[in-house]
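From first to last, the protein sequence lines are chains E and D.
Per the working numbering, residue 1 is the first one in the first sequence, and the count goes up by one each step.
Per the working numbering, residue 1 is the first one in the second sequence, and the count goes up by one each step.
There may be inaccurate statements among the hints.
[As the list claims (entries may be wrong)] Derived EDC-like pairs: lysine to aspartate or glutamate, alpha-carbon spacing no greater than 20 Å straight-line:
hint : chain 1 : residue 1 : chain 2 : residue 2
1    : D       : Lys110    : E       : Asp215
2    : E       : Lys312    : E       : Glu287
3    : E       : Lys2      : D       : Asp44
4    : D       : Lys20     : E       : Asp29
5    : E       : Lys20     : D       : Asp29
6    : D       : Lys43     : E       : Asp19
7    : E       : Lys110    : D       : Asp29
8    : D       : Lys305    : D       : Glu352
9    : E       : Lys312    : D       : Asp44
10   : E       : Lys20     : D       : Asp19
11   : D       : Lys107    : E       : Asp221
12   : D       : Lys20     : E       : Asp19
13   : E       : Lys320    : D       : Asp44
14   : D       : Lys104    : E       : Asp221
15   : D       : Lys2      : E       : Asp29
16   : D       : Lys312    : E       : Asp44
17   : E       : Lys104    : D       : Asp229
18   : E       : Lys104    : D       : Asp221
19   : D       : Lys312    : D       : Glu339
20   : E       : Lys104    : D       : Asp215
21   : D       : Lys2      : E       : Asp44
22   : D       : Lys107    : E       : Asp44
23   : E       : Lys312    : D       : Asp29
24   : D       : Lys312    : E       : Asp29
25   : E       : Lys43     : D       : Asp309
26   : D       : Lys104    : E       : Asp215
27   : E       : Lys110    : D       : Asp215
28   : D       : Lys110    : E       : Asp221
29   : D       : Lys104    : E       : Asp229
30   : D       : Lys353    : D       : Glu304
31   : E       : Lys107    : D       : Asp215
32   : D       : Lys320    : E       : Asp44
33   : E       : Lys107    : D       : Asp221
34   : E       : Lys2      : D       : Asp29
No lab work stands behind these hints, which were simulated from the structure alone.
There are 2 protein chains.
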Amino acid sequence: MKIHNFSAGPSILPQSVFDKAAQGVLNLDNSGLSILEISHRSKDFIAIHEHAKALVKELLQVPDTHHILFLSGGASSQFFMVPLNCLPQNGTAAYVDTGSWSSKAIKEAKRYGQIDVLASSKEDGYKYIPKNYTIPSDATYLHLTSNNTIFGTQFQSFPDCEIPIVCDMSSDIFSRPVDVSRFGIIYAGAQKNMGPAGVTLVIVRNDMLGKVGRDIPSMLDYQVHIKGDSMYNTPPVFPIYVSMLTLEWLKDFGGVSAIQKANEDKAAILYDEIARNSLFSAVATEEDRSRMNVTFLVNDPELEKPFLDLCKAGGCDGVKGHRSVGGFRASIYNAMPREGVEALISVMQQFEKQMG
Amino acid sequence: MKIHNFSAGPSILPQSVFDKAAQGVLNLDNSGLSILEISHRSKDFIAIHEHAKALVKELLQVPDTHHILFLSGGASSQFFMVPLNCLPQNGTAAYVDTGSWSSKAIKEAKRYGQIDVLASSKEDGYKYIPKNYTIPSDATYLHLTSNNTIFGTQFQSFPDCEIPIVCDMSSDIFSRPVDVSRFGIIYAGAQKNMGPAGVTLVIVRNDMLGKVGRDIPSMLDYQVHIKGDSMYNTPPVFPIYVSMLTLEWLKDFGGVSAIQKANEDKAAILYDEIARNSLFSAVATEEDRSRMNVTFLVNDPELEKPFLDLCKAGGCDGVKGHRSVGGFRASIYNAMPREGVEALISVMQQFEKQMG
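Isolated chain E (complex conformation) (with noise of 0.2 Å):
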């Protein structure tokens, strides 16, 4: 049976991905070795990390006032190695609280300047991202976390303001065009849209940078790894070339405005059947609901076991919710084909029947 993947992360890439990636690791192109034993300096290697970063730059339009990175450490890292890199002591950073991995981000910050939380949607839930705040314009930059991947919701748009936006895009990357001239930093683990665990893309803007004054460890400073074109150590050589490989895959499939009308449909057609059927509700706030992960109840609790039991009988694998939500949450990243979600919203329909 085909199963359908629906984990939130580490999650399902696409098939040609996986073909290709255990092809280069048994010979990687006709090398006679494999991708897991070639050292980070060959010059199969270097071919594949610049082709990985070319990929990056072309697909989102990164400007050349920015660098790109690949680093080790997840997102979680980048918690700490930004405000560490590029908050002041004395200086102020404001957060947008729009979830758990807001929250840490927030907390982690702490400990390097002042932290202005502008607004949050904590006390409800986190069912939807906060509006009409004001953006102080001497913050040092304002953080956001564009998809929230617990609760299900997302920015729709970038809130206006003078400076630099920081944004955790982990598991909304790649999904939709972004204008990245506006961000001061873009951050994102890379097993959602770009590749498996254990490769973290970081997208720095030279200013951003050396003005904090601190004595950073060299792993942590974002300088050292812009000069060591993020080999200042051994980089994470298998995760990069798959990350390389599932770029590839985006850009044959038309790059991030084609699959930005992809998602939207996916996320319409079950987002519309959550609507249609009778056992069902959605989580979030309309308006800001995630394409990514889209987060629902059933009206009567006593039916998510049957539910979970039908899915995993239909080859819905991974769409239980979040502990913190309940429910379920249905993650439709950019490797998820649109027949993947018609599986589900089948299953959906055919347990609204036996429960009818």
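Could you slot chain D onto chain E? The hints should help.
Frame of chain E, contents of chain D only:
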């Protein structure tokens, strides 16, 4: 043609590991899902992670006083994480400088306390391991680099001392038995004897922690990772999976005592050929020679290029020496079979004949 991979790291892994890893990328244990797409919270991955830890514990006979962590960021991150977590600001740590990596570890540690460099072989091109130095009994720890990848030297035994040893074993872990109880911390980037690049093994003794009173970012705090069982954030799933496969292979081989014999045999036949062959000479002092990285020179520098060409023609890849030493370096880690070393020896003998 069979390619023999003598790269210093990332480096050769067993062929059976490549085969199983490729299968896991396509379909993990007949789950219908790829190892690249499953959640790190899935039953499948939790079992992999537990098994990897159990194999480390069994192969190295890690006592219950020590925690086993799989982190990201490479050994280079441990250079500052060790003193950040373990060295009080008014404390002293003792370091022995045996090469580039020790030297980086010293540089990164200096911001956290007093660093006492007990001995260094830098003035002699790091050709030997310093001995006969006094280890201060009031230092917090003694830091060593067990094997020096670039210079081809290795501690054949560890100094007797009352203070805990912290050891960077990146390039010889799992190559021989060690008495883990003597070590406060052992750390190792995976990409030599454990797996592919992208995961770092840290074995840390309970009593090394909780004594510095510093405000440590969550992702840099060993205690956070211990509490989260290396899952505080999304771990590098695939590198951990391949590490598990490699450690299974090592167990099947007979464990670290069996591989030690094989490693000593491989090193012996290669060093013997360097001594016998009129064209070559070894770099490192005999008593300190590494069983992992064999460094050697051609006596006539004009012959470097022709020898490298012949290596290539003979399927011996990655033999070029590090730029700071020159000449050649054959890395003969656990996964290098005797036949690989014999192939290199055969090229050396053929070269001697050609050169007359």
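Hints versus structure:
A distance of roughly 11 Å separates the Cα atoms of D/Lys110 and E/Asp215; the hinted pair therefore holds under the 20 Å criterion. Our distance criterion of 20 Å between C-alpha atoms is broken by E/Lys312 and E/Glu287, whose separation comes to about 30 Å. The straight-line distance between the Cα atoms of E/Lys2 and D/Asp44 is roughly 18 Å, inside the 20 Å bound, and the hint therefore holds. A threshold of 20 Å between alpha carbons decides the hint, and for D/Lys20 with E/Asp29 the separation of about 19 Å falls inside it, so the pair holds.
With a C-alpha separation of about 19 Å, the suggested pairing of E/Lys20 with D/Asp29 holds against the 20 Å cut-off. This hinted pair does not check out: D/Lys43 and E/Asp19 have alpha carbons roughly 24 Å apart, beyond 20 Å. The straight-line distance between the Cα atoms of E/Lys110 and D/Asp29 is roughly 44 Å, outside the 20 Å bound, and the hint therefore fails. For the hint linking D/Lys305 to D/Glu352, the alpha-carbon distance of about 14 Å falls within 20 Å, and the restraint holds.
At most 20 Å may separate the alpha-carbon atoms for a hinted pair to count; E/Lys312 and D/Asp44 meet this at roughly 16 Å. The straight-line distance between the Cα atoms of E/Lys20 and D/Asp19 is roughly 14 Å, inside the 20 Å bound, and the hint therefore holds. Simply put, D/Lys107 and E/Asp221 have alpha-carbon atoms about 14 Å apart, close enough for the 20 Å limit, and the pair holds. Of the supplied pair hints, the one linking D/Lys20 and E/Asp19 holds, its CA atoms being roughly 14 Å apart against a limit of 20 Å.
For a cut-off of 20 Å, the pair hint linking E/Lys320 to D/Asp44 stands: about 16 Å separates their Cα positions. Taken as a hint, the D/Lys104 and E/Asp221 pair is honoured in the structure, with Cα atoms around 15 Å apart against an allowance of 20 Å. Annotation: proposed proximity of D/Lys2 to E/Asp29 holds, straight-line Cα distance about 15 Å (limit 20 Å). The suggested pairing of D/Lys312 with E/Asp44 holds, with an alpha-carbon distance near 16 Å, which does not exceed 20 Å.
With a C-alpha separation of about 19 Å, the suggested pair E/Lys104 and D/Asp229 falls inside the 20 Å cut-off, and the hint holds. Note on E/Lys104 and D/Asp221: the hinted pairing holds, with a Cα-Cα distance of about 15 Å set against a maximum of 20 Å. Distance restraint check for D/Lys312 and D/Glu339: the Cα-Cα separation of roughly 16 Å lies within the 20 Å cut-off, and the hinted pair is therefore satisfied. A distance of roughly 15 Å separates the Cα atoms of E/Lys104 and D/Asp215; the hinted pair therefore holds under the 20 Å criterion.
Only pairs whose Cα atoms come within 20 Å are accepted, and D/Lys2 paired with E/Asp44 is accepted, the gap being roughly 18 Å. For the suggested pair D/Lys107 and E/Asp44, the alpha carbons sit about 32 Å apart, so the restraint of at most 20 Å is broken. Restraint check for E/Lys312 and D/Asp29: the C-alpha separation of about 18 Å stays at or below 20 Å, so the hint holds. Proximity of D/Lys312 to E/Asp29 is assessed by CA-CA distance (about 18 Å); at most 20 Å being required, the pair is judged to hold.
Proposed proximity of E/Lys43 and D/Asp309 is supported: the alpha carbons are some 17 Å apart, at most 20 Å. Note on D/Lys104 and E/Asp215: the hinted pairing holds, with a Cα-Cα distance of about 15 Å set against a maximum of 20 Å. Of the supplied pair hints, the one linking E/Lys110 and D/Asp215 holds, its CA atoms being roughly 11 Å apart against a limit of 20 Å. The straight-line distance between the Cα atoms of D/Lys110 and E/Asp221 is roughly 16 Å, inside the 20 Å bound, and the hint therefore holds.
Between D/Lys104 and E/Asp229, the direct Cα distance comes to roughly 19 Å. Compliance with the 20 Å bound is thereby established for this hinted pair. Note on D/Lys353 and D/Glu304: the hinted pairing holds, with a Cα-Cα distance of about 16 Å set against a maximum of 20 Å. This hinted pair checks out: E/Lys107 and D/Asp215 have alpha carbons roughly 12 Å apart, not beyond 20 Å. Only pairs whose Cα atoms come within 20 Å are accepted, and D/Lys320 paired with E/Asp44 is accepted, the gap being roughly 16 Å.
In summary, the hint linking E/Lys107 to D/Asp221 is supported, as the alpha carbons are separated by about 14 Å, within the 20 Å threshold. Note on E/Lys2 and D/Asp29: the hinted pairing holds, with a Cα-Cα distance of about 15 Å set against a maximum of 20 Å.
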